[in-house]
Amino acid sequence: MTALLDRTWRDAVAAEWMKVRSLRSTWAFLAGGMAATALGALILFMLVGAYDAATPAERLNYETADPTVVTMPFVMFFVGAIGAMLVTSEFATRSIGPALLAVPQRRLLMGAKATVAGLVGLGCGALFALLAFADARLLLGDRPAPINPWPQWTDAIPTVLCATLVVTVTCLVAMGIGAVVRSTAAALTIVGTLVLVMPTFAHFLPTVWQLRLASVLLPNLTPQLAGSDHPYLLSQGGAAAVTAGYVLLALTAGVLRFSRRDA
Amino acid sequence: MGRMIELRELTKRYGPTTAVDRLSCEVRPGVVTGFLGPNGAGKSTTMRMMLGLHRPTSGEALINGRRYDRIRRPLHEVGAVLDADAAHPGRSAFTHLACLARSNGIGRARVAAVLDEVGLAGVAHKRVGGFSLGMRQRLGIAGALLGDPAVVLLDEPVNGLDAAGIRWIRSTLRSLAAQGRTVLLSSHLMSEMAVTVDRVLIIGKGRLLEDTSIHEMRDRFERDVLVRTPRPAELTGVLTRLGATVTPNGDGDLIAVGVDAPAIGDAAAHAGIPIHALTPRSATLEDVYLQMTSSAAEYRATVTAAPTSAALVGAASAKENN
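If you're matching them up, the sequences are chains H and G in order.
Mapping of the first sequence onto the UniProt record's numbering: residues 1 to 263, in sequence order.
Mapping of the second sequence onto the UniProt record's numbering: residues 1 to 322, in sequence order.
Some hints here could point you the wrong way.
Said to hold, decoys possible - Here are the simulated lysine to any residue pairs, SDA-like style, with alpha carbons at most 20 Å apart:
1) G:Lys126 to H:Val13
2) G:Lys126 to H:Phe45
3) G:Lys126 to G:Gly105
4) G:Lys126 to H:Ala54
5) G:Lys126 to H:Thr184
6) G:Lys205 to G:Ser294
7) G:Lys205 to G:Gly90
8) G:Lys126 to H:Arg24
9) G:Lys126 to H:Arg21
10) G:Lys205 to G:Thr57
11) G:Lys126 to G:Ser294
12) G:Lys205 to G:His188
13) G:Lys126 to H:Ser22
14) G:Lys205 to G:Ser44
15) G:Lys205 to G:Asn64
16) G:Lys205 to G:Ala113
17) G:Lys205 to G:Ser58
18) G:Lys205 to G:Glu26
19) G:Lys205 to G:Phe94
20) G:Lys126 to G:Thr172
21) G:Lys126 to H:Leu196
By construction, these hints were calculated from the structure, which means they are not laboratory data.
Computed from a predicted model, the values in this text were never measured in an experiment.
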């Protein structure tokens, strides 16, 4: 029985992997992530140019040129969209019917989708975080702090790892949101609000509330998890708890909604 | 083969509306069973409950003694088509089936084989979005056949098909049943059922109205006998004494209700009255179906066309006489 379950599980995951690979939107969103990374590199290139032209006194006022701050929220949106589409594309095209006829155990199906969302998030997160890191290393060279956040390349490792983790979490959260709302437009709007709109919105709040809100937003969890210099309020443990909370909340809501509603 | 579908007091309510009401029946292997009812009768809801897509409010639907969602790798046991459009338009036919097949441990060779079986091998790598309705129906059936299942369920499979497609589905279903499989198809078209199925389950407003064979249904609703004789007045007297109700039809022929054709022949021979024609007339299955479901139809326009009304009266009087 356990062997059959294992085989059933493996087959369900393999089928979901095949589905995500065969969706054109997957490749479009990956291209979006690539474009965001390239755009981030261009912005960094311009910033470095301005830095080089500045006086030594002006250079001291430059903020850290951490590319994950500029690039990763957009990457999170595009990779999250892939996660959401794992569920919403099936509702939009009514192919959720055949999917459930093939795997009628809804928790198993959601588990297989979550596994694939996790793998996509992990792979894409690592890819784009490393690319952003490589861009920064190439463009910043041996320039000093504060513009260079990583005087040694090894200093970047915690940030790259944590950025990868946060992209993975975003992909899982987006999948859970997709299972709750079942609509691609609604899911992408919510994911966009979480990773792109809310951080901007937070800036308009009074400082105390700005920090409270900003500290629990997905894009800002990366520096808090990495323990690097940041203005936010959470310790590494607190950031880890909030990160886990996002996954737990979104996936539980998604599984419950998916399991209880008629398809 | 030899798998059976059982419904036990299956009920589905949406708020105050009861879509399926304590439905109990069995669908047996080796024959094509039709699931017939007007629009809104609860056919699709019932089939979706059988397949675990909708959850029953109470009761259960079992396939070979198990709920569908308890079956591991169900494509090996049950094949179903509920919606011809249920495929991602951006995927090719082959990829669509390969994704389903992979989830049940079915190889790509089988995908190619079923595409060939339904006549889609030539367009296997074309996107589903460019398929006609008939091609999508064939793709759905290919998906249902992937695991070579013993039970096949199809919801309104001939909707929108051309004549060739309808003929293909009919022959496919009959051939599946002949192999000993359990085949259930739903339709709101009695005319289609009459030429495709062996048994019929008629439902209206979510309730089972009839569970019978097509032949029993025809026999039960025999309407009257048309008699042509050169001596209608004498034959009328003879048949009336037998207890029949006899009326002239205006062409010089007689219509006898309440007596069958052999009895009319015997009585006429005994009285020495020649008979030139003797035609038992049944209500069409369409008429019978309309009569049975007339009070159970969810949505129906008022019908004023004379032929249908006349047929209904005939069928109704035949039922009373039975």
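- Of the hints given before, which are not true for this structure? 1, 2, 3, 4, 5, 7, 11, 15, 16, 19, 20 and 21
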